[in-house]
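**Student:** The chain contents come next:
Number of protein chains: 4
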Amino acid sequence: MVPTDLAEALAEAGRRMDARNWVPGSAGNLSARIDNGRIAITRSGVHKGRLKASDVIAVTYDGAAVTEGHKPSAETLLHCQLYRLFPPVGAVLHGHSVAATVLSAQGAITFSNYEILKAFGFATHEIDVVLPVYENDQDIARLAAWIEPLLLREPPIGYAIAGHGVYAWGTSVEHAFWRLEALEFLLQCELERRQLT
Amino acid sequence: MVPTDLAEALAEAGRRMDARNWVPGSAGNLSARIDNGRIAITRSGVHKGRLKASDVIAVTYDGAAVTEGHKPSAETLLHCQLYRLFPPVGAVLHGHSVAATVLSAQGAITFSNYEILKAFGFATHEIDVVLPVYENDQDIARLAAWIEPLLLREPPIGYAIAGHGVYAWGTSVEHAFWRLEALEFLLQCELERRQLT
Amino acid sequence: MVPTDLAEALAEAGRRMDARNWVPGSAGNLSARIDNGRIAITRSGVHKGRLKASDVIAVTYDGAAVTEGHKPSAETLLHCQLYRLFPPVGAVLHGHSVAATVLSAQGAITFSNYEILKAFGFATHEIDVVLPVYENDQDIARLAAWIEPLLLREPPIGYAIAGHGVYAWGTSVEHAFWRLEALEFLLQCELERRQLT
Amino acid sequence: MVPTDLAEALAEAGRRMDARNWVPGSAGNLSARIDNGRIAITRSGVHKGRLKASDVIAVTYDGAAVTEGHKPSAETLLHCQLYRLFPPVGAVLHGHSVAATVLSAQGAITFSNYEILKAFGFATHEIDVVLPVYENDQDIARLAAWIEPLLLREPPIGYAIAGHGVYAWGTSVEHAFWRLEALEFLLQCELERRQLT
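Chains as they are written, first to last, in this note's numbering: chain A, 1 to 197; chain B, 1001 to 1197; chain C, 2001 to 2197; chain D, 3001 to 3197.
These aren't lab readings, by the way, just hints derived from the structure by calculation.
Warning: the hint list may mix true and false statements.
Unchecked claim - Here are the simulated lysine to any residue pairs, SDA-like style, with alpha carbons at most 25 Å apart:
#1 B:K1052 - B:L1143
#2 D:K3118 - B:L1143
#3 C:K2118 - D:D3137
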């Protein structure tokens, strides 16, 4: 049901995220758009750094598993939302880095004048870019509903959930990883900057 | 005496802990339950990141080596205690991370509102979870005896020994590693948070 | 057009930089001198940690692609300048480390009494060495023109662009990597030193 | 001239040190005792993380290369001294970690109550252990002469050279690496502790 190349691309992205310590335990989730009706997403309860092809399952845009018995990621609706709202999005990666978790728990996050901001399509580094931080909520449907107008009003470079982690997306799994890598780089810069005495 | 698959699982966990710099020198120890009478545990005086099958030996629940001449880990009784008190426990991992060592020497450790806390079975992130910090003691039997009522009264998500490191456990070696990974992630978040100016 | 060994050396340097998290996303660029008329440089828009031979293209000393349709790195002129000004230079590496990005955004950077400074040809450690920090500028030609007299007046051990990253060079790709590694080591030391309370 | 197994053990130790970023550029040096008359040590000007068998040469206890034309490490006399003073020493490893470099430049270093101190033969963790910090000196013969009485009076667990790095030793290359690993762990703990706000 899930194209082999897509499952392999997600497994590889998971290994790269694991190498950076962004998917501790069974945390994090990765997805990619299959077509107009289905999304490939990691199953719940597996280590995202050691994914097998069978750990990537197909879900509908409503977040329901296509195959009975499959248990998709608890955060599936947050992925589906991005594919629904933004047609160019081909993949979504969610990880838990120390920087993202610590900073998002502190409050607002703004990146100012970093060259790396150009990775998100900005033409210049002379800019202040806000990374939205949303309150965490165990009711994912409620969280997604609350986020939706915010995403539409001002499409962000990604977003963080307080004390939780970040969501990044791109046109493909590879492109999404570049965006996640750039975002985590910015977060690490901010963390280190805020530790200067 | 030690099932091959169990020895290999422990050797692999040791390599993963070593990749994170959690087993410097000959520090740390790893174990898994074999059956009602025996536990597999790493020998004393070997590097836990480079374990051979012969470095994993069998001990009784009293911590005595099953095969004469084998020298089990100095901290064997701390492992045995967990298997005895908590029947679901299938594996116990003890490592020395910088975060665990530095924070445990500072005093009490509480994790508040971290999403990753759900890795320990909590239903929500809106919670304050204490990681017990026990005073270090070279007399392991005495330390185990002192810890026992504390473990029974309020089974923790794991525990730290001051200036020493952490103990984490799970239903299998893989599950124990996820729990250790999540615990070390929380400790690293706390360390970084306490370094913000 | 680009000698195979040179392309492979650059791809390997890119992997080593990626292993250190110095080339997030498509950031960074690497080059090597081919001969009096051409320079090999990484294409724009590729991940420098996963370079294929076809990702390394030839440009003239004016920064123009030798083969039509090739899109060289946006920062090509900064590389060409170094080859033009300093005949011994055989390779130039540009990366984005967290330390370089954070410190360069803070202002001036001076390394005092570090033994590693000897990697740059100094005979002693008892010395204060300035790492120039230049203002970032999206107009690379303008930036190169502004830097040129500064480079000539006092050839530095490398330089940083504020909020961006560092440029390091050497007589070969391997030697340039050693210089970059030493420079990043110094930057990390400074970052940690400035975080002491 | 240098036994193959010894050269390979040193090359492997170099790779492990490089994986920890302890040998930036051509910094650091590694040695092992061959017999009563000769020591195997890394050549000057090579990357210690990528040693070939030919990069490990034999020197006498006076630090002179056994084979004409070989250029031993600039710091050879510091290695020879340890073999001469302490018969049990079988290997000496010198690396440049960020923690060692930053802390040694700050002044005295004392490790208090760390469990890992037992890696150096202490029976308890309830102890304060000083890591000697010697002033850096480009005249290695003079530095060695100055250190000698200090080493004899109170044989340390290792030592640091200010703004430079650490020396660690053991009965074999493997044992020396364990000691270096434990020492670097302690230094990293101290660095992080001193960054707490």
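**Student:** With reference to the structure, classify each hint as holding or not holding.
**Tutor:** Hint check:
no.: 1; hint: B:K1052 - B:L1143; verdict: 29 Å, violated
no.: 2; hint: D:K3118 - B:L1143; verdict: 17 Å, holds
no.: 3; hint: C:K2118 - D:D3137; verdict: 12 Å, holds
When each numbered hint is compared with the structure, a violation occurs for hint 1 only.
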